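Student: Here's the letter readout for the chains.
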Amino acid sequence: MATYDVIFLGGGPAGYVGAIRASQLGLSAAVIEREALGGTCVLWGCIPAKALLESAGLAEKLKKAKEHGITLDGVHLDFGPAMKRSRAVSTQNSKGVEFLFKKWKVAWIKGTGRLAGGKRVAVKGADGKEETHEAKKAVVISTGSRVKGLPQAGLELNKTTVVSSDEVLIAEKAPKTMAVVGAGAVGCEFADVFAAFGTKVTIVEVMDRLLPIEDADCSAELGKAFKKRGIEQLLGAKITKADVRPNGVTLHVESGGQKHTLEVEQVLVAAGRAPNVEGIGLKEAGVQLTDRGFIKVNQRLETTTPGIYAIGDVAGPPMLAHKGSREGHVVAEIIAGAPYHPVNYGNIPSATYCHPEVASIGLTEAQCKEQKLDYKIGKFPFSANGRARTSGETDGFVKIIRGAKHGEILGAHLVGPHVTELLHELVVARENEFTVEEIDLAVHAHPTLSEAVAEAVLDSMGKMLHA
Amino acid sequence: MATKVVMEALSPTMEEGRLVKWVAAEGSAVKPGDVLAEVETDKAVMELVARAEGVLRTQLLAEGATAAVGTLLGVIAGADEDIAALIGGAAAAKPAATAPAPAAPSAAATPAAAPPAAILPTALPTALPTALPTALPTALPTALPAAAVPAAATPAGKVRSSPLARRLAADKGVDLAAIAGTGPNGRVIRRDIEAAPAGGTAAAAPRAPAAVAPPAGPDVVDVPLTQMRKTIARRLSESIGPIPTFYLTAELDLTRVQQLRASMAALGPEHKVSVNDVLLKAVALALVEHPEVNAHWLGDRIRRFARVHLGMAVATDDGLIVPVLADAHARRMTDLSRDAKRLAGLARERKLTPEQYSGATFSVSNLGMFGIDQFTAIINPPEVAILAVGAVETKPVHEAGAWVPRDVMRVTLSCDHRAIDGAVGARFLQTVRRYVENPLLLA
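Quick mapping for you: the protein sequence lines, in order, are chains A and B.
If you're matching positions, the first sequence starts at 1 in my numbering and goes up one per residue.
If you're matching positions, the second sequence starts at 468 in my numbering and goes up one per residue.
In case anyone wonders, no lab produced these hints; they're calculated from the structure.
From a predicted model like this one, the values you see are computed outputs, not experimental measurements.
All C-beta atoms in this analysis are idealised placements derived from N, C-alpha and C, irrespective of residue type, glycine included.
List of simulated lysine-lysine pairs, DSSO-like, C-alpha gap at most 30 Å: (1) A/129 <-> A/103; (2) A/50 <-> A/84; (3) A/227 <-> A/66; (4) A/50 <-> A/173; (5) A/84 <-> A/63; (6) A/63 <-> A/224; (7) A/376 <-> B/639; (8) A/463 <-> B/639; (9) B/639 <-> A/369; (10) A/238 <-> A/227; (11) B/639 <-> A/372; (12) B/639 <-> A/405; (13) A/95 <-> A/50; (14) A/105 <-> A/124; (15) A/224 <-> A/369.
Here are a few chain A residues that sit away from chain B, every Cβ distance over 12 Å (derived from the structure): (16) 166; (17) 241; (18) 260; (19) 418.
Whole structure, please, built from the sequences with the hints as guidance.
Tutor: Put into structure tokens, the structure is as follows:
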């Protein structure tokens with residue numbers, strides 16, 4: 001039985017960042033984690049997925065090798081080694097978090113934890129023995145989320161033919177055919193990866209476009225790019241019947257007024273994740289949930305039980321690692337009684353790493369219309385950008401939505417090469433209430449992709465030069 | 468490299484400023500951001516800061532004198548540098564505009580200049596300990612650092628406001644320098660401008676609560692400090708701390724005052740006076756008889772005044788301000804009544820000139836209209852006393868063997884014991900009672 005100032009239940013990007021920050025502020029912190037450190041992000045999400053996307057990106061690029069004067073004697077694609085590489089990267093990152101814990105003297109208590117009354121946490125180790133630990137100041141629930149199937153469509157996860165991201169991330173080979181159900185970031189990224197490794201992929205999405213929460217223009221652009229690569233898309237789709245067999249699945253889908261029958265080796269369900277609120281003693285502790293099933297927290301990230309906080313995926317959308325990390329950072333400051341800046345939920349970037357990448361921040365054009373804002377659009381295509389031409393990645397655009405009167409950046413939506421990096425200029429700008437004029441005044445190096453941002457900004461002011 | 472010190476436009480509407488006092492002495496070394504002088508503008512007293520490093524070689528404007536925006540006030544230069552050319556010309560330098568032009572993003576280098584540590588001159592809020600806006604409350608010790616750190620004199624070049632806030636402020640006619648920002652490091656950001664009352668002469672709507680900024684979350688509301696609020700806070704903290712204060716309360720019988728008022732009212736509306744008007748006259752005459760109470764504490768001496776300039780506390784939407792009824796002892800009650808109404812009106816419209824709110828020798832604060840029976844007011848330095856007036860109540864009084872209803876009013880005199888002893892204060896109140904309970908003596 002040990003005592004710490006703060007105990008974090010869960011060592012993902014929210015929990016581990018919170019613990020390290022707490023330690024930096026002079027508090028003693030412990031993280032209870034049963035798997036390796038790093039959470040979904042490091043082990044079953046962001047990191048391995050992006051490693052695979054790198055492999056996929058390379059596979060695609062090699063198709064144009066001849067243009068660059070590189071002759072390849074036939075390209076042979078094998079998913080297995082790419083998967084192993086992604087696991088190695090994942091392990092490397094996880095060890096990195098371990099190292100940070102040692103550096104910042106954060107205790108890692110290995111086991112499955114649950115609330116045990118007051119500010120106590122009970123941890124069950126691998127050997128089945130249970131220990132109780134107490135927090136002097138606060139307990140932070142950062143248990144994250146997990147994959148879920150679509151039982152209502154007859155698609156319960158069976159880990160063989162109906163799988164989730166957890167399974168594909170350790171698959172030995174790419175299936176010949178695959179249906180990806182759900183066209184959010186996860187679905188689109190895996191569709192990209194498997195298509196690159198030779199799978200015939202069909203995306204099935206209930207909304208009328210890919211990446212439904214992004215700006216409509218971005219969805220359309222990605223849709224075009226995927227179509228060019230032969231990735232089929234059944235949008236506005238309804239799965240009327242799912243025939244799951246040991247060696248494959250037959251999906252009956254209604255879409256676009258037509259009936260489709262998909263015969264696939266595997267169905268990848270990427271239709272959302274469920275917050276991990278079960279079996280951790282929330283009810284007994286009086287911690288309430290929202291009606292969407294997340295842990296209810298106030299602006300100070302405190303749950304309905306004083307002394308118990310919640311951060312990350314388990315505390316609500318957006319279910320993004322960086323949102324969890326920021327909350328971890330802030331909750332540590334709150335618990336330490338230090339001055340803090342509350343999380344600015346209105347300025348959390350969104351990034352999708354398929355090819356072309358999609359990145360956005362702020363309001364979509366549809367949201368601006370809904371809110372009856374007086375706005376102007378600026379758009380610049382990468383096809384007109386010098387740097388994009390040099391690398392041949394000319395799909396996509398930068399779209400800036402600015403307030404008509406004062407020029408504030410209401411939203412920025414980018415599709416194209418490296419846009420997940422380019423976005424940050426706009427994130428910093430919005431965080432500091434810069435207007436488009438300030439972006440215009442900053443000299444953008446030439447030749448860079450960032451010039452497309454500058455040109456889109458100019459376009460929004462009616463002064464676009466390079467197109 | 469010599470730099471001119473000029474009368475800067477410290478607010479968008481400023482046309483001239485009065486140099487209240489030089490803070491940096493002639494010959495002293497200054498660096499950017501150091502306060503050179505206190506300048507009184509149309510709205511408040513602001514700090515004029517140095518824009519360069521060097522020695523303040525000359526002070527060209529005397530304390531108390533007024534000059535138009537752009538007038539040369541001094542020069543910062545090397546200790547031995549020849550500045551004759553600069554002074555000789557005395558051509559007005561272009562005033563450093565602080566109200567940022569909407570399309571001038573280089574305003575980042577010239578932020579809303581002289582951040583105010585504003586002080587309203589003498590006549591100050593004789594206010595109430597309880598006068599805090601109820602909007603402040605839930606600020607926990609760990610609350611948002613956005614509980615504005617009042618921006619100290621900003622070194623030139625540091626952004627004190629976001630570009631968007633500057634544009635919104637210019638649009639709305641809000642004086643950026645007057646807003647305490649709630650952004651990082653006290654930066655003025657959009658929500659501060661949205662919460663600020665629009666500039667200009669429009670009278671604030673009655674009972675509209677002082678600026679409540681739309682908060683980032685629902686739990687805490689931080690109200691940016693207005694100029695007035697900052698001044699009130701500063702001046703009264705200076706008062707209540709160091710001044711050894713004692714309080715004397717007297718309950719005055721208003722029977723004859725009410726009779727007098729009824730008789731006067733019967734003569735026509737132009738002769739109507741309020742209980743407060745009668746009290747003001749009574750106090751003025753009493754002060755003539757007790758010059759020890761009609762005085763200022765100046766640290767090394769007490770200055771007694773023969774004439775009575777009565778400060779009369781007025782509550783406006785922004786806070787307390789105390790216009791002055793000059794020569795109250797020599798004026799007729801109806802005249803005092805009219806003037807009091809006029810000044811109160813001007814105060815609420817924020818149109819009082821500095822002359823109108825300076826120079827009080829004694830102040831009166833009345834919370835009777837809010838149903839307050841009695842309270843203690845905070846002395847307004849350098850005055851040595853202040854009278855707090857409560858509501859008129861009808862109370863049963865035992866007289867000639869029977870209980871009869873009488874209109875009474877409690878007044879409380881706060882006294883600075885450094886200048887006034889108990890007996891002195893008590894005697895003054897006795898005189899006030901004599902006049903109030905025998906109002907014909909006011910003639």
